[in-house]
Amino acid sequence: MASLKDIKLKIVGIKKTAQITKAMNMVAAAKLRGAQQRMEDFRPYAEKFSGVMGELAGAGINPDAFPLMAARPVKKVMLILVTSDRGLCGSFNANITKVAENFLKTQQEEGREGCLACVGKKGNAFFKRGPFEILHSSVGIMDNIQMFNARQVGQEVINLFLEEKVDEVQLVYGRFINVAVQRPTMNRILPISTEGLEEAEGGGAEGPKATYTYEPDPEEILNQLLPMFVNVQIMHAMLETGASEQAARMTAMDNATRACEDMIDDLTMVFNKARQSAITAELMDIVGGAEALK
Amino acid sequence: MANKILLEVVTPSKLLVSEEVELATAPGADGVFGAMANHAPLLATLKIGEMHYLNEGNTVRMALSGGFCDVSNNRMTVLAESAEISTEIDAERALRAKERAERRLQEAETRKEEIDLARAQAALARALTRIQIAGH
Chain A
220 MASLKDIKLK IVGIKKTAQI TKAMNMVAAA KLRGAQQRME DFRPYAEKFS GVMGELAGAG
280 INPDAFPLMA ARPVKKVMLI LVTSDRGLCG SFNANITKVA ENFLKTQQEE GREGCLACVG
340 KKGNAFFKRG PFEILHSSVG IMDNIQMFNA RQVGQEVINL FLEEKVDEVQ LVYGRFINVA
400 VQRPTMNRIL PISTEGLEEA EGGGAEGPKA TYTYEPDPEE ILNQLLPMFV NVQIMHAMLE
460 TGASEQAARM TAMDNATRAC EDMIDDLTMV FNKARQSAIT AELMDIVGGA EALK
Chain B
14 MANKILLEVV TPSKLLVSEE VELATAPGAD GVFGAMANHA PLLATLKIGE MHYLNEGNTV
74 RMALSGGFCD VSNNRMTVLA ESAEISTEID AERALRAKER AERRLQEAET RKEEIDLARA
134 QAALARALTR IQIAGH
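Residue numbers (the numbering used here), protein chains in the order written: chain A, 220 to 513; chain B, 14 to 149.
Among chain A residues calculated to face chain B with C-beta under 10 angstroms, some are: (1) 260; (2) 261; (3) 264; (4) 265; (5) 369; (6) 430; (7) 450; (8) 454.
Here are the computed lysine-lysine pairs in the DSS-like style, where the Cα-Cα straight-line distance is at most 30 angstroms: (9) A:492 x A:241; (10) B:125 x A:384; (11) A:267 x B:17; (12) A:250 x A:347; (13) B:125 x B:60; (14) B:27 x A:340; (15) A:227 x A:241; (16) A:317 x A:250; (17) A:227 x A:492; (18) A:267 x B:60; (19) B:27 x B:60; (20) A:295 x A:324; (21) B:111 x B:60; (22) A:267 x B:27; (23) A:317 x A:241; (24) A:347 x A:295; (25) A:250 x A:340; (26) A:250 x B:27.
What the hints contain is simulated information worked out from the structure, not anything from laboratory work.
Built from N, CA and C at the ideal position, the CB exists for glycine as well.
Produce the complete structure using the sequences and hints provided.
Written out as structure tokens, the structure reads:
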């Protein structure tokens with residue numbers, strides 16, 4: 220059995236770990252509030268944007284006339300993988316990368332090439348050694364997510380798509396459902412489809428539909444809007460992942476703190492037993508000694 | 014109430030303005046336009062420039078850097094990449110941005126790089142708009 224001193228040291232060590240995990244839990248909780256706020260702030264913009272896109276889609280435009288909307292035979296698929304920059308948040312990043320890996324493997328089996336654009340350090344680290352090519356990576360930006368970060372990624376991806384280096388772009392990110400649940404989610408962002416938009420617009424339509432005046436013409440407006448739409452979606456994914464990361468870390472650190480407490484309880488029990496048996500042994504010695512003197 | 018239009022200015026970081034106004038003007042791609050109550054439905058793209066709105070005798074001016082605008086059902090929604098109300102503009106920062114943009118513009122012109130040139134021009138236009146609006 221370990222000596223009393225060893226056990227004591229172990230208990231002290233675990234107590235310190237518990238302190239750290241508890242502090243990290245609280246920091247994550249505070250950051251989660253900030254991240255959720257930013258998500259809320261972004262929502263009106265995203266919603267209005269989809270509304271306007273839906274309006275345009277209803278204006279009877281021909282999707283094949285727009286390079287960003289035109290579907291073509293898919294030879295190479297790109298996956299934009301949005302993960303966090305930092306670890307210690309449970310299986311959050313592993314879950315996202317798993318979805319990405321499965322998807323890319325299926326694509327490969329079906330004879331399509333796969334490649335990646337990584338936003339966030341963790342996804343980049345996972346795929347760095349292959350087998351899939353990383354064409355773009357933005358790391359170290361998840362702490363302070365800005366629109367221009369999303370714009371940068373969007374620009375890169377759009378260029379690759381227009382140069383026909385990739386034929387389809389999917390976006391995978393950690394969707395924030397609530398504090399306890401974050402779900403890896405995948406959306407296709409290129410070529411852009413207007414199906415979901417029309418639905419959203421149909422639900423929100425109120426009163427008789429008036430004919431719009433377009434300035435300049437609808438095609439011109441759509442040409443400007445489509446790239447922005449890609450950016451908005453990437454931005455949205457980044458904000459969701461940011462909030463999910465903090466929520467996942469909160470849960471992970473809470474579990475860690477609880478595990479520490481359990482270990483401390485167990486070790487305290489062992490410590491007390493060891494102390495008891497030491498005392499008993501000493502008593503036996505004393506009694507034995509006294510007996511011998513008689 | 015009846016003769017006002019609901020103006021909403023939304024940027025990626027927040028809902029900047031949500032107010033009933035008498036008149037709002039915006040820098041459309043085909044020229045500045047204004048919208049008052051019961052304006053016909055309109056969808057327009059916006060340039061970098063100044064937008065302002067009038068409410069109960071007060072005029073509020075804003076620097077806008079591109080975006081688009083949707084007018085329908087007595088509601089005008091401006092989706093801007095960024096927007097700042099005149100009192101919130103950091104004039105010094107804008108001035109620095111202007112100098113930086115001018116320098117870049119020269120560099121790009123000598124190297125004949127079209128992308129850099131366009132970027133520098135946009136940056137310069139943004140900075141100039143900010144300075145102009147902050148100055149009032």
